[in-house]
Amino acid sequence: MSVADIQITEELDHHGHDDHHELSFIEKYIFTTDHKTIGKQFLITGILWAIIGGGLSVIFRLQLGFPEMQLDWLKPILGKWITESGKLDAEFYLALVTMHGTIMVFFVLTAGLSGTFSNFLIPLQIGARDMASGFMNMLSYWFFFVSSVVMFVSLFLETGPAAGGWTVYPPLSALPQAIQGSGAGMTMWLISMMFFIVSTLLGGINYITTVINLRTEGLSFTRLPLTIWAFFITAIIGLLSFPVLVAAALLLVFDRSFGTSFYLSEIYIAGEALPNVGGSPILYQHLFWFLGHPEVYIVLLPALGITSEVIATNSRKPIFGYRAMIGSMLAIAFLSFIVWAHHMFVTGMNPFLGSIFMFLTLIIAVPSAVKAFNYITTLWRGNIVFTPAMLFSIGLVSFFISGGLTGLFLGNSAVDINLHDTYFVVAHFHLVMGSASFFGLLAGVYHWFPKMFGRMMDERLGYLHFWATFIGVYLVFFPLHYIGIAGFPRRYYSFTSFDAFSSFTDLNSFVSVAAIVTFGAQFIFLFNFFYSMYKGRRAPQNPWNSTTLEWTAPIEPGHGNWPGALPKVYRWSYDYSKPGAEDDFIPQNVPYSHTPESNLDFEKELAKLEGITSKPVDPKNAE
Amino acid sequence: MMNLIIIIGVLLLLGILFSVFKVTRLVGVIKGEAKSDVPANNKLNASLMIAFLVVGLAGFFYYSFGGLEDDFVQPIASEHGVITDNLFWITMAVTGFVFVLTHIFLFVFAYKYQHKKNNKAHFYPHNNKLEYIWTAVPAVVLAVLVISGWKAWVDITGPAPANSEIIEVMGYQYSWAIRYGGTDKKLGDYDYKKIDAVNSVGMDFTDKAAFDDFIPTALHVPKGRPVLLNIRARDVIHSVYSPHFRLQMNAVPGMPTRFWFVPTKSTADMRLETGKPEFNYELVCNKICGKGHYAMKYIIIVDEPKDYDQWYADQQSWLKLNDDYLSEVPEELQEMAKIAAGIENNPEKQSVGESIVSNN
Chain A
1 MSVADIQITE ELDHHGHDDH HELSFIEKYI FTTDHKTIGK QFLITGILWA IIGGGLSVIF
61 RLQLGFPEMQ LDWLKPILGK WITESGKLDA EFYLALVTMH GTIMVFFVLT AGLSGTFSNF
121 LIPLQIGARD MASGFMNMLS YWFFFVSSVV MFVSLFLETG PAAGGWTVYP PLSALPQAIQ
181 GSGAGMTMWL ISMMFFIVST LLGGINYITT VINLRTEGLS FTRLPLTIWA FFITAIIGLL
241 SFPVLVAAAL LLVFDRSFGT SFYLSEIYIA GEALPNVGGS PILYQHLFWF LGHPEVYIVL
301 LPALGITSEV IATNSRKPIF GYRAMIGSML AIAFLSFIVW AHHMFVTGMN PFLGSIFMFL
361 TLIIAVPSAV KAFNYITTLW RGNIVFTPAM LFSIGLVSFF ISGGLTGLFL GNSAVDINLH
421 DTYFVVAHFH LVMGSASFFG LLAGVYHWFP KMFGRMMDER LGYLHFWATF IGVYLVFFPL
481 HYIGIAGFPR RYYSFTSFDA FSSFTDLNSF VSVAAIVTFG AQFIFLFNFF YSMYKGRRAP
541 QNPWNSTTLE WTAPIEPGHG NWPGALPKVY RWSYDYSKPG AEDDFIPQNV PYSHTPESNL
601 DFEKELAKLE GITSKPVDPK NAE
Chain B
624 MMNLIIIIGV LLLLGILFSV FKVTRLVGVI KGEAKSDVPA NNKLNASLMI AFLVVGLAGF
684 FYYSFGGLED DFVQPIASEH GVITDNLFWI TMAVTGFVFV LTHIFLFVFA YKYQHKKNNK
744 AHFYPHNNKL EYIWTAVPAV VLAVLVISGW KAWVDITGPA PANSEIIEVM GYQYSWAIRY
804 GGTDKKLGDY DYKKIDAVNS VGMDFTDKAA FDDFIPTALH VPKGRPVLLN IRARDVIHSV
864 YSPHFRLQMN AVPGMPTRFW FVPTKSTADM RLETGKPEFN YELVCNKICG KGHYAMKYII
924 IVDEPKDYDQ WYADQQSWLK LNDDYLSEVP EELQEMAKIA AGIENNPEKQ SVGESIVSNN
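Chains A and B, in that order, give the protein sequences. Residues in the first sequence are numbered from 1 upward in steps of one, following this note's numbering. Residues in the second sequence are numbered from 624 upward in steps of one, following this note's numbering.
Hints listed in this document are in silico derivations from the structure and should not be mistaken for laboratory results. Accuracy of the hints is not assured; some may be wrong.
[As the list claims (entries may be wrong)] Chain A regions said to be covered by chain B (calculated; three or more residues, Cβ under 8 Å):
# : segment
1 : 320-331
2 : 376-382
[Unchecked claim] Taking lysine-lysine pairs in the BS3-like style, the calculated list, with each CA pair at most 25 Å apart, reads:
#  : chain 1 : residue 1 : chain 2 : residue 2
3  : B       : LYS808    : B       : LYS914
4  : A       : LYS604    : B       : LYS743
5  : B       : LYS914    : A       : LYS75
6  : B       : LYS809    : B       : LYS943
7  : A       : LYS608    : A       : LYS568
8  : B       : LYS914    : A       : LYS87
9  : A       : LYS535    : B       : LYS817
10 : B       : LYS943    : B       : LYS816
11 : B       : LYS961    : B       : LYS816
12 : B       : LYS899    : B       : LYS929
13 : A       : LYS80     : B       : LYS666
14 : B       : LYS774    : B       : LYS654
15 : B       : LYS774    : B       : LYS666
16 : B       : LYS899    : B       : LYS920
17 : B       : LYS943    : B       : LYS808
18 : B       : LYS666    : B       : LYS735
19 : B       : LYS645    : A       : LYS535
20 : B       : LYS645    : A       : LYS87
21 : B       : LYS740    : B       : LYS774
22 : A       : LYS87     : A       : LYS75
23 : B       : LYS817    : B       : LYS943
Note that the Cβ used here is the ideal one computed from N, Cα and C, for glycine as well.
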């Protein structure tokens, strides 16, 4: 026992010594094990991907909104994918929607959101020096980087990138005869996703371990900020569901390259009957959506966690129903694993399964509704400060409600018959999962930018960015519901060949214009982000008067986050506007014994147990 | 040259915007905004919230109920479509109410409780009663929606009535092949290995039921009779979708699927109703299937039952039109095939065809 103690002390000393050691550029910024830098690496990579993913959507929106338009001017970028007559190639159109989906779901809203904020915030908010394993964390980013490179290169293949939709259903994705993109492009897609999953798992294990083991003294699970709860639950969902995607992808690799028949059966294509019999394309869909549906919550929960934090801070009120918020997240996490087949009501799956999954699906709406109500009640009788982060959080709640409600149509299998795979679905998930999570990401960046870079982002540009994006997103996605109800199928290159879909050309043009303007508005953010990084106003210690631990660290935390001892936690993270308290917030590291004027009854008891007798001199009063 | 001018113009514009940005920043510094806890534009943002609510809701109601709804609701032409559309509109009423209510609360609270100096927020961490209420109420409402949806689902996906017209729909890149059972009303076997350029659905002529099958160029269905579609795919997954009938079912290679429905309006009825003399029901592919996914169009014609029977009787069997394939028929069935397919002009064709079926 004593031997072990000595070793620990030695290690600590050694560690302390290391801090003064100047790290080389590569150690500091590239192959870094510091969670803050890794978080920023995820963020910057995610932003780059968001520009690419958004850019792709602008190209196909041009095609949808202005089918007659001459696109010759895109030739320098797209080359032969612009046909002789100046039109977008129909097959490349499918590649565009496929890559847009893959990039946005996985690279932007999974890695860019969860990767950024889990890495950056977990140690800072739980009072830890770093992640449980800095090395694994570094690997997590670099696997993501390799995955990104592979996916990016696949965009430039002669046969084009994967083009079978982001869900890459076989047989389409298994047979290069069916679509060019299922050749080398699909191979690279699969390789890239394998690296991506490794990255997610390495990151996820780290987040879980860190949250369980490295919480600072006094920070029990019931005192954790909801951000950490959200990241924690997200990581668990990812850990349980991503391996299933590995299985799905691996069987697909076998079918594509080694002649197996997991997903292939009785296929006649390109003048040839294939030998494969006995496989089932539906098997792939089950496996895919077993990840795919939890993935929706992997994308959404971190955004909800960030929103909880931002709304509470800027309403100057505790989040309403803290325990209900945790409970609903746990319920959502559990239910997310047993609703996957609602993506498959009309695939020919046994209708009895459809009934079961309809019941389970609509149950998941209950905890989601609770969350929405709790956000709204948190605003009630608040003292609301509209920082850009707060605006984006309110926007998120609005999208979460609008998009969540349309889920009640799609989750009802009878109604889904007519809406499945139409633009109604597109509108639904772009609001509830795409835009809501994207707003969570932006709220997080605006809120924690001062902690990341020690400087403030410009507020006015933030407001402009918010209003342009918020209005823009609604103008893009709200009209899509209507054309979805009319039955417009998704992933259509053009609607001109059908009488039923020949109306709404002007609505489609309107949506395209709105999409382009909204995309353009993101450059306001980009300018603000990079400009403020170097020229922004210096951040104060606690710019939003927040209670959580990250604001007790130095403005630009060094390696190890806190220079001296780690802060201790004495209270939950939402003591805002406590009756009797002088300020409208009490940070988590202030003991109850120092705040006798505002303690609630049970807190008075806790104060006695703290064993702190004297109240330190308040520096403000001392002046 | 034009491009150069555009680029210079854009650069100038960006330059101006940047200068405006710098100026407002400096003004902000002079005013000392940075020291305040509350952003200078707090009130403006709060007001914009209300403006957004009012304009947004007005736009939503105008667009949804201002007379434009006829454009986005396709007229219903099937029995179950009436039921599912009912469910749709009930769900719309419930969600529409919640949508409007929650958004009023969200934006009105945001406006009303904007930061005011010397104001303190109300410390209100939880209220279990409220939590119970808004867990229970959505649960009950959802249960009602689910149960009504479930009943409809069970009926729609249940077994087709015994007197259904059975029609095979096969999807392939990039069109549909429709096959009818012919005189015996029985679809013959198929085998994907028998597919070739002519025999596009892979009819297996060792099966007697295949002799009189016919493959027309449009999907005819009788008005008012149940129709069962036997659905399959030849290469990749497709989806049989027709919004007017509110019908959709994937076509999966290697896994036959089905969907049954009762058409309620003939093509002529619908032309009258929509006022479009050119109107036709369309069969659409709704599962990404490759380059031509957006162009897998097939015409569905709903006939009056009488016209349908007439049309049905007039069709010539596929085997008759492609009599090379008689060679695939086993020796002992040759004669029967010729009669069933109508190749040999047998006056008793009808009755012989029937007896073949009953002898099975």
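The hints, checked one at a time:
Residues of the segment 320-331 of chain A with a Cβ under 8 Å from some Cβ of chain B number 5, which satisfies the need for three, so the listed coverage holds. Against chain B, the segment 376-382 of chain A contributes 6 residues with a C-beta closer than 8 Å to a partner C-beta. That satisfies the three-residue criterion, and the hint holds. Between LYS808(B) and LYS914(B) the CA atoms are separated by roughly 35 Å; this puts the pair beyond 25 Å, and the hint is violated. The straight-line distance between the Cα atoms of LYS604(A) and LYS743(B) is roughly 23 Å, inside the 25 Å bound, and the hint therefore holds.
The straight-line distance between the Cα atoms of LYS914(B) and LYS75(A) is roughly 20 Å, inside the 25 Å bound, and the hint therefore holds. Distance restraint check for LYS809(B) and LYS943(B): the Cα-Cα separation of roughly 17 Å lies within the 25 Å cut-off, and the hinted pair is therefore satisfied. Between LYS608(A) and LYS568(A), the direct Cα distance comes to roughly 16 Å. Compliance with the 25 Å bound is thereby established for this hinted pair. Between the alpha carbons of LYS914(B) and LYS87(A) the distance comes to roughly 14 Å, so the proposed pair stays at or under 25 Å and holds.
Taking the CA atoms of LYS535(A) and LYS817(B), the gap is near 72 Å; set against the 25 Å cutoff, the hint is violated. Note on LYS943(B) and LYS816(B): the hinted pairing holds, with a Cα-Cα distance of about 22 Å set against a maximum of 25 Å. For a cut-off of 25 Å, the pair hint linking LYS961(B) to LYS816(B) stands: about 24 Å separates their Cα positions. Of the pairs offered as hints, the one joining LYS899(B) and LYS929(B) holds, with about 24 Å between alpha carbons and a cut-off of 25 Å not exceeded.
Restraint check for LYS80(A) and LYS666(B): the C-alpha separation of about 52 Å exceeds 25 Å, so the hint is violated. At most 25 Å may separate the alpha-carbon atoms for a hinted pair to count; LYS774(B) and LYS654(B) exceed this at roughly 66 Å. Between LYS774(B) and LYS666(B) the alpha-carbon distance is near 51 Å, which puts this suggested pair outside the 25 Å criterion. With a C-alpha separation of about 19 Å, the suggested pair LYS899(B) and LYS920(B) falls inside the 25 Å cut-off, and the hint holds.
For the hint linking LYS943(B) to LYS808(B), the alpha-carbon distance of about 17 Å falls within 25 Å, and the restraint holds. Under the criterion of a C-alpha separation no larger than 25 Å, the hint pairing LYS666(B) with LYS735(B) is consistent with the structure, at around 10 Å. Taking the CA atoms of LYS645(B) and LYS535(A), the gap is about 11 Å. The hint holds against a cut of 25 Å. Between the alpha carbons of LYS645(B) and LYS87(A) the distance comes to roughly 42 Å, so the proposed pair goes past 25 Å and is violated.
At most 25 Å may separate the alpha-carbon atoms for a hinted pair to count; LYS740(B) and LYS774(B) exceed this at roughly 56 Å. In summary, the hint linking LYS87(A) to LYS75(A) is supported, as the alpha carbons are separated by about 10 Å, within the 25 Å threshold. Taking the CA atoms of LYS817(B) and LYS943(B), the gap is near 18 Å; set against the 25 Å cutoff, the hint holds.
Figure legend: structure checked against the earlier numbered hints; hints not met, in rising order: 3, 9, 13, 14, 15, 20, 21.
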